[in-house]
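There are 4 protein chains.
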Amino acid sequence: MFFASDNAGPAHPSVMQALVDANAGYTSGYGAEQAMADVTAQIRTAFEAPDAAVYLVATGTAANSILLATMANPWDTIFCSPMAHIHEDECNAPEFYSGAKLTLVPATNAKMTPDALRAAIANEESRGVHGPQRGPVSITQVTEKGTVHSLEELRALTAVAKEFDCPVHMDGARFTNALVSLGCTAAEMTWKSGVDAVSFGGTKNGLMGVEACVIFDPKLAWEFELRRKRGGHLFSKHRYLSAQMAAYLKDDLWLDLAAKANARTTQLATGLRQHNQAELLFEPDANMIFARYPRRDHKRLLDAGANYYVWDGDAHAGDPDEPLIARLVTDWSATPEAVDQFLTVLRDGS
Amino acid sequence: MFFASDNAGPAHPSVMQALVDANAGYTSGYGAEQAMADVTAQIRTAFEAPDAAVYLVATGTAANSILLATMANPWDTIFCSPMAHIHEDECNAPEFYSGAKLTLVPATNAKMTPDALRAAIANEESRGVHGPQRGPVSITQVTEKGTVHSLEELRALTAVAKEFDCPVHMDGARFTNALVSLGCTAAEMTWKSGVDAVSFGGTKNGLMGVEACVIFDPKLAWEFELRRKRGGHLFSKHRYLSAQMAAYLKDDLWLDLAAKANARTTQLATGLRQHNQAELLFEPDANMIFARYPRRDHKRLLDAGANYYVWDGDAHAGDPDEPLIARLVTDWSATPEAVDQFLTVLRDGS
Amino acid sequence: MFFASDNAGPAHPSVMQALVDANAGYTSGYGAEQAMADVTAQIRTAFEAPDAAVYLVATGTAANSILLATMANPWDTIFCSPMAHIHEDECNAPEFYSGAKLTLVPATNAKMTPDALRAAIANEESRGVHGPQRGPVSITQVTEKGTVHSLEELRALTAVAKEFDCPVHMDGARFTNALVSLGCTAAEMTWKSGVDAVSFGGTKNGLMGVEACVIFDPKLAWEFELRRKRGGHLFSKHRYLSAQMAAYLKDDLWLDLAAKANARTTQLATGLRQHNQAELLFEPDANMIFARYPRRDHKRLLDAGANYYVWDGDAHAGDPDEPLIARLVTDWSATPEAVDQFLTVLRDGS
Amino acid sequence: MFFASDNAGPAHPSVMQALVDANAGYTSGYGAEQAMADVTAQIRTAFEAPDAAVYLVATGTAANSILLATMANPWDTIFCSPMAHIHEDECNAPEFYSGAKLTLVPATNAKMTPDALRAAIANEESRGVHGPQRGPVSITQVTEKGTVHSLEELRALTAVAKEFDCPVHMDGARFTNALVSLGCTAAEMTWKSGVDAVSFGGTKNGLMGVEACVIFDPKLAWEFELRRKRGGHLFSKHRYLSAQMAAYLKDDLWLDLAAKANARTTQLATGLRQHNQAELLFEPDANMIFARYPRRDHKRLLDAGANYYVWDGDAHAGDPDEPLIARLVTDWSATPEAVDQFLTVLRDGS
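Sequence lines, in order, name chains H, R, W and G. So in this note's numbering, the last spot in the first sequence is 347, and the numbers never skip. So in this note's numbering, the last spot in the second sequence is 347, and the numbers never skip. So in this note's numbering, the last spot in the third sequence is 347, and the numbers never skip. So in this note's numbering, the last spot in the fourth sequence is 347, and the numbers never skip.
If we strip away everything but chain H, and leave its shape as in the complex, we get:
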């Protein structure tokens, strides 16, 4: 019953085996190893993007920040939702790397609306040199609330961005969970829908710590490389990053793991919906649920060993009928049994 985060679970055994296999003899480092050339080819194939520049870093904050810095000028503002990870959870890293600031665009279900985005972008540059200039639009897919933009929603947002010549970044920390949810291709969810660069996450979906940065315009490649090095994010023993990513992409492991994680959330959501005291706050399109239920239920779950974040409300005291908001995240290693147990404990209190 561990639903605290998809970065609290283990790496997949195939990934670990790939590390063991990679751990022999001498090899070039810094991404010049053969394994990285293989990863680049794999990702280009997966994204149907034969010219894409592909780089690996070890954290999602690094992926987002270095990509945004490559896409933005220091006098720009980056458009994102008010609950974007780059705004709330990266301790000013995107601003540090890019020099740009963030403009928060009103969102529904954690998705910026096209009208709000248009209004926000239009409003910038009305002040000429005095205000910040229009920079990239950053879309989180899966959103921080567990919803997934449909291709239509994505295209509506990127169309607005294109009206103003703003490049589009996708924070895909849970990229594959969204992909599986939509049942589309990686190309469809990115460049075919107007996305210019992606933080293609692996850490939350079975890797130890690797994120790929995929840039569809190869003219930005060298700048990215320099920014990565200048940020201290170029690994000498880079083979251990490429080995993970190669294993991830091999034989559809990435898709399988995301499908598993999503299935557990579906199972959890179905059960929660049957519980007359529980309410889902957002449509759980991928592997994350925000649910409201009474503190008494929370208390019982906790006593039974469940582990998750209370997103709102006082978990420790107060009226047992008072509802709390829980965030529940399922990773690839969550078992159907664990979900069943959670739902059973929840039901038992009714």
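Keep in mind that the hints were calculated from the coordinates and are not lab data. Here a beta-carbon is modelled for each residue, glycine too, at the ideal position from N, C-alpha and C. Treat the hints with caution; some may be incorrect.
To be verified - Label-pair distances were calculated between CB atoms; the ranges are: (1) W:Thr267 x H:Lys159: 43 to 53 Å; (2) W:Arg297 x H:Ile322: 54 to 64 Å; (3) R:His127 x W:Gly22: 17 to 27 Å; (4) W:Gln14 x H:Lys159: 27 to 37 Å.
Unchecked claim - Over the 12 Å line for every Cβ pair with chain R, so calculated as not near, a few chain G residues: (5) Ala21; (6) Tyr27; (7) Gly96; (8) Leu252; (9) Asp300; (10) Ala303; (11) Leu321; (12) Leu340.
To be verified - Here are the computed lysine to aspartate or glutamate pairs in the EDC-like style, where the Cα-Cα straight-line distance is at most 20 Å: (13) W:Lys296 x W:Asp316; (14) H:Lys296 x H:Asp248; (15) R:Lys216 x W:Asp316; (16) R:Lys216 x R:Glu85; (17) G:Lys296 x G:Asp309; (18) H:Lys216 x G:Asp48; (19) G:Lys216 x H:Asp345; (20) W:Lys216 x R:Asp162; (21) G:Lys159 x G:Glu149; (22) W:Lys189 x W:Glu45; (23) G:Lys189 x G:Asp309; (24) R:Lys296 x R:Asp309.
Fit chains R, W and G to the given chain H structure using the hints.
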């Protein structure tokens, strides 16, 4: 015969086993896992520094840059040798993180001399607010030329720094190779000799990619944590960093690996000294040699499969008698047989 | 009928005369001239703050940005209203200088409300190291909408800031207009109300281009000096800044000029209120009005030579009955006759 | 006998009169005033550069730093002499604005030598992504030691820069003194000799505080504007900058003032050379002298009221025969009588 770099070899099997062992079940991340508490305790013990703040990052550039940013103000200058890694090989990362600039202090055998350091520090602030202010002194131990500062040399430098209230940073990418070379304790080579913070390297000595930042003044701890996160260097699945470092420190593995690496360099140096065409440029105190020998010898070594960097001279053309300068680095996994083979090929040409 | 901005009018003749007087012979520069010592004494007296650090810069953006950088850490967020000049009109300068980001606090009449400020500050740091940390609160007095915080309102905001140990900055680009409006002392409007540092504007109130930075905690003085120099804002021929500020403070010129500017706005507001088609959007407490009136009136004013900004609405086309929003600013040099003329033209259309 | 600095003297009366004349009525600001259009035209004419972008700032550090930031990437290194003002006297401002670092190129008579420049540039990028990349070359004309690069010397340096596609910046804080010294045109000393952008100083030559930034490639114009605003260096009451510069350029005032300043240095140098105890350290090509003479002479000059910097040696104690090094700078307002008096006092001690 792979002597290109100590970051081109594999991780030690015990380290890999520790990763495999760590890869089970759920755990807290971001350094809040129990394994990190254990690592902190291990390092405090190893350094005899019960109050030291200890953090892990994955690259040496990150370790150096975040530490220096924590120790320097943006209007300071950092004093280092002209061949310091922070100056030559980090693509402006120390400047990016700290805002400070670097002042290059004349060095002998890649070691700043106390007099040159005093002159350099004294010269700053002579211009009041107009020039940069006096910031940290950064000492690389093992130096970039393979020499090791004796404790006396270290103390002479830190004494100068203390005259001017400048904090002292040690870039210890090859910390343990130096330690083994000097036969002293980690405490003696750091805080007992006036060092305030250390980049305690692991990657070049048998880890996949982990460096510890050890700060003897715990008042700087929180700032370091914020700077690490803001730089994108805080790992969610942090257990895979702490597992490596725990294995490294267990049963003196760190010391054993460095001793092995150093022994191979001693073996290599002994052989080179016996070769009448070869000349060592610096005293190879640890696991790195700079040697000058004729291009004909280099060519023969290359043909026999040797792999190392030509530091100076044209490796590809010219008079076969013309000397080149080769950099030879031995890591923990270099074998006595590989060194012997190298020396045999070298001798065979005489 | 020039009401476009209080930085479009001339410097006061006394200020110009002071420059002429200062323009003789040799003198020390960089603020070491005697005139600056005099200015420091004048400002300390005016603010009843015998220990305050006082510095001059030439632009409001410089004053705000260097002060905020001195008060904030690079991982902080600065709290301000959504229409704050530091957010909308400084092209990322506060972020550039400080490294911090801005959090926009909901405002009424361009004034943050204490409850919204408390909620905004409380919300930060709920994420530990992951999110930005609590930094300074920046209050604009006169606000960007022409309203003035009463002392009670100021104290309510600074009390919230103090709950969380956040320092308080005042953007006083129109400081004196507010002071005259409130009829209080500079001390009452600043440190006696919990303000820690002030951008004390002169440029909008009769100077050529000088703003004083007044820091009540002298421990920050040296850092400010270094940040000013590092930003390129330390003047060699500093006497021409101190001469302006000395003239400004002499014989209550600063107060007289602000009183004149405010009186013209009162005159304008009175007339606008009598015009049945016009509506004031905010209480014009100082020297700035936002008024809504029909495009036909705007057109006629334009034709008669009036000059001001249309803040909202299309000034060039559309229904003549459609209302526009005009921003009208009166500076010290605006004449009662110009205001009368404006009101007459406006009335003539009724 | 005030020879401390050319920024310690007054502004020329014509400049002051221009300010008085500009101080009437309302006008647009931020460089949109008509006067700035006139200045741009004047400078384009003076430099025979009809497409040049021209901007004004108030300090030399701002001019240098914003120009260099516009020309350099954050991962670059800027090549300059070890005594460059941007290195020694700007408290990290060039690094702050650009993100780049500085590489010090060995110099003779404060002029980088072409061979040393070539070696320095060639050395960068030998490390690929690991080291800083090749950025602009910055040449100070007049140098910080009072020497002037001949056109041949300039062209030799810019030719080296062009070999490596490095743009060339000229720090012309004393631009006009060099121009008068060489007797060439502004075009010859800049773009016709391979210079891409110039900090065209005015403050040291009769203005209150204005430097023009002249960029020969207009494609960089908008970036410069944004960087200027983001640095807080865009003046609202910009007319007071353009008025100064317009007066400066009118009727060859700039050339006349520099000729006067240079003549006083020639007079001084001639006298010093006749003094058998004095020695000139550099060829005083413009308006600055570094001279070595005994402390007894210095003491006597001081007692007689002379004012200048002792560049090296202890001015306050020691053997009266011990030589000191004095820096003597003459500005436009220095009188022949003052120079005579200085020389007389010096001679009287012999």
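Hints and how they fare:
Against the hinted window of 43 to 53 Å, the Cβ-Cβ separation of threonine 267 of chain W and lysine 159 of chain H comes to about 50 Å, which satisfies the hint. Hint check: arginine 297 of chain W to isoleucine 322 of chain H, Cβ distance near 57 Å, so the stated range 54 to 64 Å holds. In this structure the hint that histidine 127 of chain R and glycine 22 of chain W lie 17 to 27 Å apart at CB holds, the actual value being about 23 Å. Look at glutamine 14 of chain W against lysine 159 of chain H: about 57 Å separates their beta carbons, and that is not inside 27 to 37 Å.
For alanine 21 of chain G, the condition that its CB be more than 12 Å from all CB atoms of chain R holds, with the nearest at approximately 37 Å. With a least CB separation of 28 Å from chain R, tyrosine 27 of chain G remains clear of the 12 Å interface cut-off, as annotated. Under the 12 Å C-beta cut-off, the non-interface status given to glycine 96 of chain G relative to chain R is violated; the minimum distance is some 7 Å. Distance check on leucine 252 of chain G: its Cβ is at least 29 Å (rounded) from any Cβ of chain R, clearing the 12 Å threshold; non-interface status holds.
Listed as outside the interface, aspartate 300 of chain G is consistent with that label: its C-beta sits roughly 25 Å from the nearest C-beta of chain R, beyond the 12 Å cut-off. For alanine 303 of chain G, the condition that its CB be more than 12 Å from all CB atoms of chain R holds, with the nearest at approximately 22 Å. Non-interface call for leucine 321 of chain G relative to chain R: holds, since the shortest CB-CB distance, roughly 15 Å, exceeds 12 Å. Non-interface call for leucine 340 of chain G relative to chain R: holds, since the shortest CB-CB distance, roughly 29 Å, exceeds 12 Å.
With a C-alpha separation of about 11 Å, the suggested pair lysine 296 of chain W and aspartate 316 of chain W falls inside the 20 Å cut-off, and the hint holds. A C-alpha spacing of about 42 Å is found between lysine 296 of chain H and aspartate 248 of chain H, which places the hinted pair above 20 Å, so the restraint is violated. Of the supplied pair hints, the one linking lysine 216 of chain R and aspartate 316 of chain W is violated, its CA atoms being roughly 66 Å apart against a limit of 20 Å. Between the alpha carbons of lysine 216 of chain R and glutamate 85 of chain R the distance comes to roughly 30 Å, so the proposed pair goes past 20 Å and is violated.
For the proposed pair lysine 296 of chain G and aspartate 309 of chain G, the alpha carbon gap of about 15 Å is at most 20 Å, so the pair holds. Under the criterion of a C-alpha separation no larger than 20 Å, the hint pairing lysine 216 of chain H with aspartate 48 of chain G is inconsistent with the structure, at around 29 Å. Our distance criterion of 20 Å between C-alpha atoms is broken by lysine 216 of chain G and aspartate 345 of chain H, whose separation comes to about 70 Å. Between lysine 216 of chain W and aspartate 162 of chain R, the direct Cα distance comes to roughly 19 Å. Compliance with the 20 Å bound is thereby established for this hinted pair.
A hinted pair counts as satisfied when its Cα atoms are at most 20 Å apart, and lysine 159 of chain G with glutamate 149 of chain G qualifies at roughly 15 Å. Using a Cα cut-off of 20 Å, the hinted pair lysine 189 of chain W and glutamate 45 of chain W holds, with the two alpha carbons roughly 10 Å apart. At roughly 38 Å between alpha-carbon atoms, lysine 189 of chain G and aspartate 309 of chain G are farther apart than 20 Å, so this suggested pair is violated. Between the alpha carbons of lysine 296 of chain R and aspartate 309 of chain R the distance comes to roughly 15 Å, so the proposed pair stays at or under 20 Å and holds.
Consistency note: the structure conflicts with the earlier hints numbered 4, 7, 14, 15, 16, 18, 19 and 23.
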